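*Asks:* When you get a sec, could you build the whole thing from the sequences and use the hints?
Line order of the protein sequences matches chains A and B.
The first sequence maps to residues 1 to 226 in the numbering used here.
The second sequence maps to residues 1 to 146 in the numbering used here.
One should not assume that every hint holds.
[Stated by the list, open to error] Straight-line distance between alpha carbons at most 30 Å, and here's what the computed BS3-like set of lysine-lysine pairs gives:
1) 109(A) / 74(A)
2) 40(A) / 74(B)
3) 37(B) / 109(A)
4) 144(B) / 211(A)
5) 65(B) / 191(A)
6) 137(B) / 109(A)
7) 144(B) / 109(A)
8) 40(A) / 70(B)
9) 137(B) / 40(A)
10) 40(A) / 65(B)
11) 74(B) / 51(A)
12) 137(B) / 65(B)
13) 109(A) / 65(B)
14) 84(A) / 40(A)
15) 143(B) / 191(A)
Rather than coming from a laboratory, the hints here were simulated on the basis of the structure.
Since this is a predicted model, take the numbers as computed values, not measurements.
Spelled out, the chains give:
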Amino acid sequence: MNRDPSPFRTASTASTATSPTPKYANLTASTNLRYSLTRKSIYDRHLNRTKTSELSKSAFAFLFGEMVQYAQKKVYGVQDLEKKLNLHGYAVGQRFLELLLWRDGRTAKRETRILGILQFISHQLYRAIFQKQADTLEKVRENEDEYMISDNDPVVNTYISVPKEMSQLNCGAFIAGIIEAVLDGHCFPAKVTAHTAPNEMWPGRTVFLIKFEPEVLEREALRVGS
Amino acid sequence: MAGSSTSYYFVIIGTKDNPLYEAEFGSFKQGGDGIPKFREEQRHMNQFIAHSSLDCIEDQQWASKEMYLKTVDKFNNTWVSCFLTGGNIKFLLVHDTRSDEPIRQFFADVYDLYCKTLMNPFYEVNMAIRSQTFDQKIKAAAKKYL
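*Replies:* Shown next, in the form of structure tokens:
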């Protein structure tokens, strides 16, 4: 598998490709591993090291803005761009899910019900990322398979001003991707989309619409019977 | 296989029932030397046993919220223990003696290592784990608990 660009790739495969710069690649014959300058790998870091550290909002805004710009260069329309942002969020969500459960230690639980997983997302997950809970969690009355999580003022949109011709765009698609990854991880396959839904109080209110695949509801119905 | 010391077969299964990592080790307890004592024909049987237990896990994963499902399957004298992560990655251990608590501790260490692997931005879910450091750390955890 040469597509694996892991920095832990063994030297035998690495040396056949372009030889790495000696400054960063300290090859030792004994272990055949490439180390960083500090000779520490990702396995030597404690997973709780960054648990309480915070990222400055401006740094986040800058990085997120760059990410949106980068994504925009590679797409053809608003829908495509939202899909791209969703994918970026998906990768974050996959990692965050495992990290959160790992931090729960022995008390960690896998959620097995729709309501349980949705509450996990709007409470624990949201608090871990944004230090606040999601503002509402509702069920769509007309459709059995749809739920909504809303955020009155999503931090990803704070410094994004959407041009008129792209008024459909909501960069909350990034958060939607995170939610989708968590649902997928727990075997609740769903489509999650971000929609702007302003009210008098909150002009930037965003609703994440969660539409579950039919098999999820089928399974849930079986569980109720048992 | 009923020798003086027990042997273990460990495998990590991805979300598409694809293997990500596998290892064999023997027990260090009771004067064991840590070398797996599987007979040659047992080694591929282990893979079959692990594979067939996936159906049992799918049955049991909805009955419990625990991540550690304890022993999920039994075939002749071998048991299969399972740990299921939030992202639906399965850690399976095929073993010939029952001991829930040491295996739970072993799985906890594996989960720690797996999370660290996942934190690597170049690693994606369901990619085979080829890191030698990971391999060494898994074997160290096995030596500590099994």
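*Asks:* Decide, hint by hint, whether the structure agrees.
*Replies:* A quick look at each hint next to the structure:
no., hint, in the structure
1, 109(A) / 74(A), "violated, 39 Å"
2, 40(A) / 74(B), "violated, 41 Å"
3, 37(B) / 109(A), "violated, 35 Å"
4, 144(B) / 211(A), "violated, 45 Å"
5, 65(B) / 191(A), "holds, 24 Å"
6, 137(B) / 109(A), "holds, 25 Å"
7, 144(B) / 109(A), "holds, 25 Å"
8, 40(A) / 70(B), "violated, 34 Å"
9, 137(B) / 40(A), "holds, 14 Å"
10, 40(A) / 65(B), "violated, 36 Å"
11, 74(B) / 51(A), "violated, 40 Å"
12, 137(B) / 65(B), "holds, 28 Å"
13, 109(A) / 65(B), "holds, 5 Å"
14, 84(A) / 40(A), "violated, 33 Å"
15, 143(B) / 191(A), "violated, 44 Å"
Violated hints, listed in ascending order, are 1, 2, 3, 4, 8, 10, 11, 14 and 15; each of the other numbered hints is respected by the structure.
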